[in-house]
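Q: Work out the full structure: start from the sequences and follow the hints.
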Amino acid sequence: MRPPTDGPGAAALGARRGAPRSRPAGPDPLAPLLDLPGVRDAAEAARTAVDRLLGHKVLRRESAGVSSESALRGARASAALEGVDVPLAQVRTGDVSDPTLQGALRVSVALGSMVETWDRAPGQVLARMHVLAAADLAPREELGRPSAQAGPRLGGVFALVTGATSAPAVLVAAVVHGELAAVEPFTAGSGVVARAAGRLTGIARGLDPKAVSVPEVGFAELGAPAYADALAGYRSGTAEGVAGWLVHCARATELGAREGLAICESLLRG
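Residue 341, in my numbering, is where the sequence shown stops; the numbers in between run on with no holes.
Since the hints were made in silico from the structure, they are not lab data. Be a bit skeptical, because a hint or two may be false.
Computed Cβ-Cβ distance ranges for the label pairs, DEER-style [what the hints assert, rightly or not]:
| # | residue 1 | residue 2 | range |
| --- | --- | --- | --- |
| 1 | S184 | R111 | 31 to 37 Å |
| 2 | R111 | G165 | 40 to 46 Å |
| 3 | A102 | Q195 | 26 to 32 Å |
| 4 | R131 | G165 | 25 to 31 Å |
| 5 | Q161 | G234 | 39 to 45 Å |
| 6 | G222 | R191 | 17 to 23 Å |
| 7 | Q161 | E115 | 24 to 30 Å |
| 8 | R191 | E292 | 31 to 37 Å |
| 9 | T309 | D99 | 16 to 22 Å |
| 10 | V157 | E255 | 22 to 28 Å |
| 11 | E187 | S307 | 33 to 39 Å |
| 12 | A295 | G165 | 23 to 29 Å |
Every residue, glycine too, gets a C-beta built ideally from N, C-alpha and C.
A: Below, the structure is given as structure tokens:
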């Protein structure tokens, strides 16, 4: 696999602790999320875990290798959440025939090339993600084309991606992920696309500029039933449900950072 990009550049590296790139001029719709039960502590724990990973000495010389392995493991875990659970060793050999896993791998490999465009033209990037994710799952005429009923809510997602906020990047990523997973804009591949968009948001907003953590593995470790329950809570729109989803995503991010550390240690050992 080709490794994803090392990051969106110096601006993102300067924001590596997940701080906002700028603050909104008007009301910030995401700022109140930090006051929901458990969210602030979970976001801080996730950020601390990613920072610990970014400080690993292996990344001074092997960040591309870690990023490449992270992409592979992330794609495998994302497909597993869709019910396609293929052993990592088999995925690494390239012996992959399932179209869901193939799509997840294509999206994961391409994320690095999407970083610079994501916060300027998220609709374009989302369409590209779907083409990659669902090439063998959906009719050609549906690829990259969200359903009409998803339009208004997608507009809100795009505004979040392109807008400024004081909320930590891990929460912005969780909301982007949650919105796309909840609205399911495509007939096939929406789950893989939603998780990839969440990961891409974290990369682009400086939480993980080197793309070396593996949040998808965190979600898989927490389990598909817990993922579905947390997403159902988010869909409900209640404060409790939204808080549960945000905490779940932050916890997955924390576990994904630990997976990144495991990759670093394996490279260190040779």
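Q: Is it true that R111 and G165 lie within 40 to 46 Å of each other by Cβ?
A: holds (43 Å)
Q: Quick check on a hinted range of 33 to 39 Å for E187 and S307, using CB atoms only.
A: holds (35 Å)
Q: Holds or violated: 16 to 22 Å for the Cβ distance of T309 and D99?
A: holds (21 Å)
Q: Mind checking the hinted window 24 to 30 Å against the Cβ distance between Q161 and E115?
A: Given about 37 Å between the Cβ atoms, the range is violated.
Q: Holds or violated: 17 to 23 Å for the Cβ distance of G222 and R191?
A: This hint holds: roughly 20 Å between Cβ atoms.
Q: Does 25 to 31 Å hold as the CB distance between R131 and G165, or does it fail?
A: holds (29 Å)
Q: Within 26 to 32 Å or not, the Cβ separation of A102 and Q195?
A: With Cβ atoms ~28 Å apart, the hint holds.
Q: Between R191 and E292, does the C-beta distance stay in 31 to 37 Å?
A: holds (33 Å)
Q: I want to verify a distance hint. Is the separation of the beta carbons of V157 and E255 within 22 to 28 Å?
A: holds (24 Å)
Q: When you take the CB atoms of Q161 and G234, is the distance between them in 39 to 45 Å?
A: holds (41 Å)
Q: Given a hint of 31 to 37 Å, does the C-beta separation of S184 and R111 actually sit inside it?
A: At 34 Å between Cβs, range holds.
Q: Please check whether A295 and G165 have a Cβ separation lying inside 23 to 29 Å.
A: Taking Cβ atoms as reference, A295 and G165 lie about 25 Å apart, which means the hint holds.
The earlier numbered hint that this structure contradicts is number 7, and it is the only one.
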